[in-house]
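Number of protein chains: 4
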Amino acid sequence: MYTHEFQKRVRYGETDQMGYLYYGHYAQYYEIGRVEMLRSLGLTYKAMEEEYGILMPVVSMQQRFVRPARYDELITIRTTLRQLPAKFIVFQMELFNEAGKLVNGGTVKLCFVEAESGKTVPVPEHLVAELRPYFEEN
Amino acid sequence: MYTHEFQKRVRYGETDQMGYLYYGHYAQYYEIGRVEMLRSLGLTYKAMEEEYGILMPVVSMQQRFVRPARYDELITIRTTLRQLPAKFIVFQMELFNEAGKLVNGGTVKLCFVEAESGKTVPVPEHLVAELRPYFEEN
Amino acid sequence: MYTHEFQKRVRYGETDQMGYLYYGHYAQYYEIGRVEMLRSLGLTYKAMEEEYGILMPVVSMQQRFVRPARYDELITIRTTLRQLPAKFIVFQMELFNEAGKLVNGGTVKLCFVEAESGKTVPVPEHLVAELRPYFEEN
Amino acid sequence: MYTHEFQKRVRYGETDQMGYLYYGHYAQYYEIGRVEMLRSLGLTYKAMEEEYGILMPVVSMQQRFVRPARYDELITIRTTLRQLPAKFIVFQMELFNEAGKLVNGGTVKLCFVEAESGKTVPVPEHLVAELRPYFEEN
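Protein chains in written order, with our numbering: chain D, 1 to 138; chain X, 1001 to 1138; chain A, 2001 to 2138; chain L, 3001 to 3138.
In case anyone wonders, no lab produced these hints; they're calculated from the structure.
Possibly wrong hints are sitting among the right ones.
[Said to hold, decoys possible] A short, non-exhaustive set of chain L residues, derived as facing chain X with CB atoms under 10 Å:
#: 1; residue: Y3023
#: 2; residue: G3024
#: 3; residue: H3025
#: 4; residue: Y3071
A virtual CB, placed ideally from N, CA and C, is assigned to each residue, including glycine.
Work the whole structure out from these sequences, hints included.
Here it is as structure tokens:
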């Protein structure tokens, strides 16, 4: 298992007239969570695209909206990998408000596509290599 | 059952550097689908808030991203109610590209909240009244 | 002079907690205005990129926020070309609410870039050809 | 004069199919710049709304797009007040990329509105009090 936390503040432009973080913006928080998790492993999504020629489109997403997030709150985005990626990579997402209460929980599943051919490929080995130490049985 | 279709064009600002409609923007297409479905019944979400004092926050959402939607494509948003709303209202969503191919499918579940008290309430009767004719058994 | 009008509704996700169309979203309305103006001339920005290999990045923008636009209002986007484009193309923008009152006014200036070389180029001749009849002196 | 810097990374969902930070998203960077400047003075925009009942709608904005900002770049947002606010507050904005090159420059002018009455009011005294030391002549 590998878990990473990152914080992002709710901006005015992200609120709606209910005074809530608009439900459509959580996907961007999910993106930030997984990209910063990769960075914490020494990997960047940018390099994945530019150096390895691999795109990672989203295949599916589930979200539960547990309580509202409000303007200017500093949200903790907790991103967890429960399994080593293979054909897919599945991120478990939990967002907490400043009081430590769960705001939103979900999962997002991505695949790997070779940019040049447009074909689905298995997870790149260099990504698995960074993750493997966290998934070894003791 | 009640089904409604509405069209929206993919705008430049909605694309990402893959050249796809960014996955986080589909939630906005879902919003447009359900709001225009309500309008087709003679109801507006605006009136729900302003006249009836009812907010409709999203409780959960599932999405499958089947194929990319691209810049300037005219997307058909098909919104379907399979059940009369009660405590919740569940919209089935299907998005099609200009070739009639499925781009994205999902469901979104909302509840009803009394703005003044912040309490969850059952579906407002005037909304059920408009929908009931489409759900009567023959 | 060439003028074109197009309508777009203010969506929930575009409002902020003041209940206004968030000021950052007007740029997207400007984009819609100029793209639909081009379409009214039989041109598409998509073809400009794909067939002619020309990108049109924005060089500068000015905006005045005259009165708020609110949720569910149908905004009329009026886009005007006062001069034939040459090195630049300058769109005059006016947005009106349902009562016909000015909500926002501004200008946006774009240049033409050859995608392959990344170099600035003059306005493509096929665009000028479509516009010239509207700018001829009598 | 009072200057403040804050950093924000360009996210995937903010790029467009040119591979640039979409021009419409700069307004959000401007919002972040001015809100974080206020926070550096011990003030929050949230408190301005909730405790003082003052809204700060944007009156006008000018932007020059000097060079593209690209995915994953860490942008430095430099926000400068050149004058003590009175009827208006004017923020000078400069955005720099990781190489220290100017990406975008502009100004944004806001006024102060009493939420309850909807009337324009002068700058709140507590905001001027925090700023005055930085504007005293020597």
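Here is what the structure says about each hint:
no.	hint	in the structure
1	Y3023	holds (8 Å)
2	G3024	holds (5 Å)
3	H3025	holds (8 Å)
4	Y3071	holds (6 Å)
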